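A.B. asks: The residues making up each chain are set out below.
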Amino acid sequence: GAVVSQHPSWVICKSGTSVKIECRSLDFQATTMFWYRQFPKQSLMLMATSNEGSKATYEQGVEKDKFLINHASLTLSTLTVTSAHPEDSSFYICSARSSGSPTGELFFGEGSRLTVL
Amino acid sequence: GQQLNQSPQSMFIQEGEDVSMNCTSSSIFNTWLWYKQDPGEGPVLLIALYKAGELTSNGRLTAQFGITRKDSFLNISASIPSDVGIYFCAGSGAGSYQLTFGKGTKLSVIP
Numbered sequence: 001g002a003v004v005s006q007h008p009s010w011v012i013c014k015s016g017t018s019v020k021i022e023c024r025s026l027d028f029q030a031t032t033m034f035w036y037r038q039f040p041k042q043s044l045m046l047m048a049t050s051n052e053g054s055k056a057t058y059e060q061g062v063e064k065d066k067f068l069i070n071h072a073s074l075t076l077s078t079l080t081v082t083s084a085h086p087e088d089s090s091f092y093i094c095s096a097r098s099s100g101s102p103t104g105e106l107f108f109g110e111g112s113r114l115t116v117l
Numbered sequence: 118g119q120q121l122n123q124s125p126q127s128m129f130i131q132e133g134e135d136v137s138m139n140c141t142s143s144s145i146f147n148t149w150l151w152y153k154q155d156p157g158e159g160p161v162l163l164i165a166l167y168k169a170g171e172l173t174s175n176g177r178l179t180a181q182f183g184i185t186r187k188d189s190f191l192n193i194s195a196s197i198p199s200d201v202g203i204y205f206c207a208g209s210g211a212g213s214y215q216l217t218f219g220k221g222t223k224l225s226v227i228p
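Chain order of the listed sequences is G and U. Sequential numbering of the first sequence, starting at 1, is according to the working numbering. Sequential numbering of the second sequence, starting at 118, is according to the working numbering.
Just chain G, with the same shape it has in the complex (with noise of 0.2 Å):
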């Protein structure tokens, strides 16, 4: 299958500061690519849909301004937290859809995880 890279793996940070999440679509070009939260032992919770070259679309109760979300190239999208607070811990994962694969089949990220001190 496709692969999708994200980095960092995992990344501790100050409470107040901003950490920036890469996605990545190594072997394809994603026009969509996906953004989800996963707490811990639940299901995956989409918070954003990014699309290349356009603003992102992001879910109901999701802060726009404080999860941004860039896409900027065909194989690139980043997500960064913005004054990051202890709530934002979590797991981050990010999923692309190659322009050329069939309606709905996504390929995920490594995940990213978040430790907010």
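Please keep in mind that the hints were generated in silico from the structure rather than gathered at the bench. As the structure is a prediction and not an experimental result, all values here were calculated from the model. Keep in mind that a hint or two might mislead.
With a cut-off of at most 27 Å between alpha-carbon atoms, the simulated BS3-like pairs for lysine-lysine come out as follows [said to hold, decoys possible]:
1) Lys41(G) / Lys223(U)
2) Lys187(U) / Lys41(G)
3) Lys168(U) / Lys41(G)
4) Lys64(G) / Lys220(U)
5) Lys66(G) / Lys41(G)
Position chain U relative to chain G; hints supplied.
C.D. replies: The following block gives chain U in isolation, referenced to the frame of chain G:
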């Protein structure tokens, strides 16, 4: 919005046994996907289903897209210890690439 009910929530089985889990939705889906997630990792796609009634296998795994388009099941035959993990079903509706996820089935295999 769309909701997915996945069951069972967890399973403990003996190595070598077969496993079955399923998902039902409150609305029609056009795509059903089954993923496996290991601790600290992202989900890995196991099987993708695109047509009602479709039955697809991937090694010891078999999944079916229900005729009503509101359900799907995943079977694992002759389980082995490395099958341990959380299995998620996911579906998307017409004209949408967004996935709705089930709550997951945690599988434990006793050697």
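A.B. asks: Each of the hints needs a verdict: does it hold here or not?
C.D. replies: The hints, checked one at a time:
1. Lys41(G) / Lys223(U): holds, 9 Å
2. Lys187(U) / Lys41(G): Satisfied, since the Cα-Cα distance of roughly 25 Å is no more than 27 Å.
3. Lys168(U) / Lys41(G): violated, 31 Å
4. Lys64(G) / Lys220(U): Distance of about 26 Å is within 27 Å: holds.
5. Lys66(G) / Lys41(G): Distance of about 24 Å is within 27 Å: holds.
Checked against the numbered hints listed earlier, the structure breaks hint 3 alone; every other hint is satisfied.
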